[in-house]
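Chain B with the ligands: place on chain A using the hints.
The residues making up each chain are set out below.
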Amino acid sequence: MSNFEIVAREDFSDVTYLLEVRHPLMAKAARPGQFVIVMSHEHGERIPLTIADFDQVKGTITLVIQAVGKTTREMQQVCKLGTTLYAIVGPMGVPSPISHAKKVVCVGGGLGVAPMFPQARAFKESGAYVIGVVGFRNKDLVFWEDKFRACCDEFIICTDDGSAGIKGLVTEGIRQAIEKHPDIDEVVAIGPPVMMKGCAEATRAHKIKTMVSLNPLMVDGTGMCGGCRVKIGDEVKFACVDGPDFDGHLVDFDDLMTRLRRYTKEERMALDHWEQSCRLQKEIDAAAQAALLAR
Amino acid sequence: MAKKKTIRTIPQERTPMLEQDPRARAKNFEEVSYGYRLQDAMREAERCLLCPDQPCIAGCPVGIDIPSFIEKIGKKDLRGAYDVITATSLLPAICGRVCPQENQCEGVCTVGESLEAVAIGRLERFVGDAAIAEGWANIPYIEPNGFKVGIVGSGPAGIACAADMAKAGCDVTVFEAFHQPGGVLRYGIPDFRLPNEVIDAEIGKLVGLGVRFECNTLVGRLFTIEQMIGEMGFSAVFVGTGAGYPTMLGIPGDSLNGVLSANELLTRCNLMRAKEFPNYDTPLPIGKRVAVIGSGNTAMDAMRVSLRLGSEKVYCIYRRSKAEAPARAEEVHHAEEEGVEFHWLTNPVAVLDDGKGGVRGMTCIKMELGEPDDSGRRRPVPVEGSEFDFECDVIVYAIGTNANPIMGQTSKLKLNKWGYIATDEHLATSVAGVFAGGDIVTGAATVIEAMGAGRRAAASMKAYLGIRDSNLPYVVPDESGILFGIPLRERNFARVRVA
Ligand SMILES: Cc1cc2nc3c(=O)[nH]c(=O)nc-3n(C[C@H](O)[C@H](O)[C@H](O)COP(=O)(O)OP(=O)(O)OC[C@H]3O[C@@H](n4cnc5c(N)ncnc54)[C@H](O)[C@@H]3O)c2cc1C
Ligand SMILES: Cc1cc2nc3c(=O)[nH]c(=O)nc-3n(C[C@H](O)[C@H](O)[C@H](O)COP(=O)(O)OP(=O)(O)OC[C@H]3O[C@@H](n4cnc5c(N)ncnc54)[C@H](O)[C@@H]3O)c2cc1C
Ligand code: SF4
Ligand code: SF4
Ligand code: FES
Numbered sequence: 001m002s003n004f005e006i007v008a009r010e011d012f013s014d015v016t017y018l019l020e021v022r023h024p025l026m027a028k029a030a031r032p033g034q035f036v037i038v039m040s041h042e043h044g045e046r047i048p049l050t051i052a053d054f055d056q057v058k059g060t061i062t063l064v065i066q067a068v069g070k071t072t073r074e075m076q077q078v079c080k081l082g083t084t085l086y087a088i089v090g091p092m093g094v095p096s097p098i099s100h101a102k103k104v105v106c107v108g109g110g111l112g113v114a115p116m117f118p119q120a121r122a123f124k125e126s127g128a129y130v131i132g133v134v135g136f137r138n139k140d141l142v143f144w145e146d147k148f149r150a151c152c153d154e155f156i157i158c159t160d161d162g163s164a165g166i167k168g169l170v171t172e173g174i175r176q177a178i179e180k181h182p183d184i185d186e187v188v189a190i191g192p193p194v195m196m197k198g199c200a201e202a203t204r205a206h207k208i209k210t211m212v213s214l215n216p217l218m219v220d221g222t223g224m225c226g227g228c229r230v231k232i233g234d235e236v237k238f239a240c241v242d243g244p245d246f247d248g249h250l251v252d253f254d255d256l257m258t259r260l261r262r263y264t265k266e267e268r269m270a271l272d273h274w275e276q277s278c279r280l281q282k283e284i285d286a287a288a289q290a291a292l293l294a295r
Numbered sequence: 001m002a003k004k005k006t007i008r009t010i011p012q013e014r015t016p017m018l019e020q021d022p023r024a025r026a027k028n029f030e031e032v033s034y035g036y037r038l039q040d041a042m043r044e045a046e047r048c049l050l051c052p053d054q055p056c057i058a059g060c061p062v063g064i065d066i067p068s069f070i071e072k073i074g075k076k077d078l079r080g081a082y083d084v085i086t087a088t089s090l091l092p093a094i095c096g097r098v099c100p101q102e103n104q105c106e107g108v109c110t111v112g113e114s115l116e117a118v119a120i121g122r123l124e125r126f127v128g129d130a131a132i133a134e135g136w137a138n139i140p141y142i143e144p145n146g147f148k149v150g151i152v153g154s155g156p157a158g159i160a161c162a163a164d165m166a167k168a169g170c171d172v173t174v175f176e177a178f179h180q181p182g183g184v185l186r187y188g189i190p191d192f193r194l195p196n197e198v199i200d201a202e203i204g205k206l207v208g209l210g211v212r213f214e215c216n217t218l219v220g221r222l223f224t225i226e227q228m229i230g231e232m233g234f235s236a237v238f239v240g241t242g243a244g245y246p247t248m249l250g251i252p253g254d255s256l257n258g259v260l261s262a263n264e265l266l267t268r269c270n271l272m273r274a275k276e277f278p279n280y281d282t283p284l285p286i287g288k289r290v291a292v293i294g295s296g297n298t299a300m301d302a303m304r305v306s307l308r309l310g311s312e313k314v315y316c317i318y319r320r321s322k323a324e325a326p327a328r329a330e331e332v333h334h335a336e337e338e339g340v341e342f343h344w345l346t347n348p349v350a351v352l353d354d355g356k357g358g359v360r361g362m363t364c365i366k367m368e369l370g371e372p373d374d375s376g377r378r379r380p381v382p383v384e385g386s387e388f389d390f391e392c393d394v395i396v397y398a399i400g401t402n403a404n405p406i407m408g409q410t411s412k413l414k415l416n417k418w419g420y421i422a423t424d425e426h427l428a429t430s431v432a433g434v435f436a437g438g439d440i441v442t443g444a445a446t447v448i449e450a451m452g453a454g455r456r457a458a459a460s461m462k463a464y465l466g467i468r469d470s471n472l473p474y475v476v477p478d479e480s481g482i483l484f485g486i487p488l489r490e491r492n493f494a495r496v497r498v499a
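As you go down the protein sequences, you meet chains A and B in turn. Using the numbering used here, the first residue of the first sequence is number 1, and each one after it goes up by one. Using the numbering used here, the first residue of the second sequence is number 1, and each one after it goes up by one.
These are calculated hints, taken from the structure and not from any lab test. Treat each hint with caution, since some may be false.
[What the hints assert, rightly or not] What follows is a set of in silico ranges between Cβ atoms, one per label pair, in the way DEER data are often shown: (1) B:Ile142 with A:Leu81: 36 to 46 Å; (2) B:Ala133 with A:Gly59: 42 to 52 Å; (3) B:Arg377 with A:Arg9: 56 to 66 Å; (4) A:Arg137 with B:Gly310: 40 to 50 Å; (5) B:Glu341 with A:Arg261: 22 to 32 Å.
Just so it is clear, CB atoms sit at the ideal spot from N, CA and C, and this is done for glycine as well.
For reference, chain B alone in the conformation it holds in the complex:
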């Protein structure tokens, strides 16, 4: 028997992940990180102490059984690791890439108390990528139950809900307004962080589960939620339409050409492929000097996209300090490496007109941190008389988003005072049979939180429809691995029946 691992016996340094050279990658859209090789993953797996109290599991919004999948990696059982992850999570290749792990699973890892935390996200990505490369998919035996379920929005919340309902035997259709599915994963997060092939592969698995995707469908306007429940015959509906409505600063000069939201920049670049203009028709403003306001993931993406499009200078303007920046730590680090110039404790007060309808620059004011506000962060206060002018020709606002108004305009769904859909603790809305989750309920959050919400809503929907997962243990009759023509690997552990 192997000796028990202790903090002293494990590899002390976190295993690095191979990355493109910052100078080269700042000019291309290829993925920044190459991911672990098998030997890297095995070494990193060594670092997990397999803690009995497993704090990391509680740190993950969907509760992936982290130590057991890591243990399987250590034994080179990648397929086993994949099975463990997919018992709870649907999109390992995506979450491994985009989760803010330092605030979630890795933030509470025991190893992190004395050394750098186990690189859970990187290991998860490694397993997810292996599954894509090998074509693994856990398609269970599904017994149709006759319920028709509609999902509005194909972001992580909608996808997660769709998968669970399909596995429960429902006939699931996902409606998406854009011409391609994926939500923010597709239009927001750029290729160099999350390649389209990864999204396609993960969505392909849903299609394998029998989920139908109907793109080009603006629910609310083409048909309403009430029509879905009524005349269209859906037994239940999940709304996961995201919180895309961008906030503008509301300072003088806001409407000048050259001022745009990060959503517009990223959608033009990622979804509409403006980076390949004019081979794709959609244009994009490419500034010489680009100032991005904000410091979240969206801001980092906007900056790094601008660099890759060929802008000479890219500035990050943020009214608080680096410690308060809401982006994933890795994104800030990557942006710094690639040459973004950060101006912490700086706030724009006016956009300056070039006299031709465009932008000449911006007036900013210096800030300092005062007393903590409601969010517990120290409130930035302007330093009197510290205004200064700043030269730039494109300004990108990445200062947050609000609830999209279409659902509220077109249905009887009750909204809260900020315009988000109001739900109870089971994610049920004010309309019977309609559930909601993800950014449209909580405001902008994270991919994994949205997925978690989609799954919780699915659980509520199953309860509402009277679908129960059987808790009879499932015994494999023989080791040949084939049952009803379904291979052992693909078997379903939780058969489903209608109460």
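So here's chain A without its partners, still in its complex pose:
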């Protein structure tokens, strides 16, 4: 399989963007909670991205990406409408178990709002009462509010600075939801590891089942390298084939956060190397432009 065409692109902010990619088989197979591994070009790195939406009719899947390092920033520049991705494989991971919970809180932090969406929708479709809690740093970063709200019975938006919704972290939203509804069966949270850790702590005392979606570094995504291993209770699991969803009360988040720093030095190098080649390219383009003008 090859030639994965980008059929739509949307920019939510200067760091987050959405790509809709044609892949009819994947659109048919994808389930909430699953992810893909993408290589944008032949020399690229394999990076995991959650399937934020899928449309069987159009035959497309949607990825929402935050530009954090070399690969995701480069994709932000080159993945334009009509271009193709070199490789995309999946859907990987065990689909999220959409339990028979009657009342759930679906928590998405920052970019985590996107991967949370298909699960919230699935819960809604299975008849649950869905309380959406989303958190952003500020009002300008908010995206998919309407889309998310549409599959929630209640919706709480939190911002660090209070520029939209309530002021505070998503844990504040969870606290409010728990206070109002003593009968919450399950909390599902996706976002940065610190946030998921916070959510798990917020529900632990109430003994509410809390599922989180882990995002360790990955290579193959097929259970072959062990790079994605995470500590769950006293067991070691491979997030790509055993997860990525796990019981948040058992996850060793500190271990996850340490392991995410494995390649900090190399990531920095890759970014510098790339930025420098971008600068050089700009200079070359500028020189060529100047030469053209001088003629």
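Only chain B with the ligands this time, still in chain A's reference frame:
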């Protein structure tokens, strides 16, 4: 007529193969061995006694007619030798390089009883390389039979099965999860042992047979085996997904940054080209002092890759002694030459934390060999009080792999108690029309065994589909060598028909 050869009349010494100097090669990824030249191959061919009982053939898991291909080399008939090999084996340039010959064909060679065995592997590689250089390929006349066959996994097992089914006239598609085909040949075995060009050339021949490769396809998740047999219209499916799931030691400190599996190291380096970082984006941990745990082929590859990436010291830590090391003898020898430091009878008990999430070193314990265990090897037992600390910053586990769980998670295929796919003696699985072979059935084994399994499964699949190879002898009508526009060289001996 030439006089009959005897053990006394043949060249007594095995013909050496030119190799890069160990000091130079430990710093580059170019192939270690240059292979035989024609004169070397002819001399080595001289050493084969053409034994009437041919023990070597039985020693080869796919039963290559070894004496006849060697005899052809002796007559400078390389094309003839190639035809003999490819009558049974598909990837001579690969097997000649990576087979553990000392345990297979060469291990039972008659010459080996008194002298060094005939270098069958090197001769096979020589013929395989000649075929690549000359562009030879035995593409037979294939009559399509209308059956659609799906192959899951493009390792040696899948490739071998695909070739046989394509030759039988089936429409064959190979599905591979990675973005490039080849399985362990591609992601595991490094370039200096098996250059990518050799893999590309051998896979190119399959494409020549009409086999389609669909990469980026994770079977089980993108579609299931049951869907393949049902809605996708495959008449039969072969599963050769390998046994890639790496084992971790489970000792304190296992999850520290700096501890990784050999599979991760090798995949980053070979498939993702991390050795060319940052021109390729994938990074790799390059330790100053690297300790590799284990002593199989995977361990040797991890060590030799680490040396080439620029690690100052590379240690091999193995709980048994050199005699029990499961790697090919040549790999251990090469690793020693290149400067790996071996610590036999040593076992790690804990990884030491550097306080920043990384590795400072390791505590090991000395072992001694006790009574033989189930595998017949003497069991290593710890020597009490012999613990010692060891400085290193990267630790690579090469202590074996388990069954990959995806097939089990996504299909009704019956697994055995270790999680491998259960098959009968014909390699049929519990699902009708689905066959399996290679590492996913036997656990980690060898390239040629996986290929052999792929071929055996193909034979069963043909029986299942009712495809029979015609046993009518095929007579070439005239010596012009062209029949139906197909040159003599490329003709098919076993025409195929559907029963
Ligand atoms: C199952 C899974 C699903 C994911 N889904 C999404 C998604 O839907 N959208 C999205 O934007 N990202 C997602 N990620 C994270 C994404 O894979 C990484 O952001 C990406 O690999 C970074 O590549 P880079 O080269 O741009 O940055 P790098 O140069 O590799 O890293 C830059 C910075 O990002 C941090 N980082 C790197 N990898 C991760 C990671 N896996 N998780 C968190 N931080 C990381 C690094 O620590 C570093 O600080 C997911 C990860 C996993 C494992
Ligand atoms: C580092 C290393 C060195 C080795 N050296 C030697 C040696 O020198 N000599 C020797 O004889 N043997 C060696 N071996 C062993 C040998 O390589 C294996 O026994 C052999 O490759 C097994 O072949 P296979 O076809 O069963 O599986 P593999 O080669 O493992 O191929 C399986 C393929 O299936 C793909 N796959 C898995 N799951 C799916 C899925 N769900 N959908 C689609 N595709 C999937 C994988 O990506 C992979 O490409 C070595 C092994 C390793 C790891
Ligand atoms: S395939 Fe391997 S075992 Fe068979 S003859 Fe060749 S080298 Fe020997
Ligand atoms: S056993 Fe050795 S000497 Fe005898 S035929 Fe085989 S390769 Fe030749
Ligand atoms: S990403 Fe390699 S095992 Fe999970």
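- Task: Could you work out which earlier hints the structure fails to respect and list their numbers in ascending sequence?
- Result: Failing hints: none at all.
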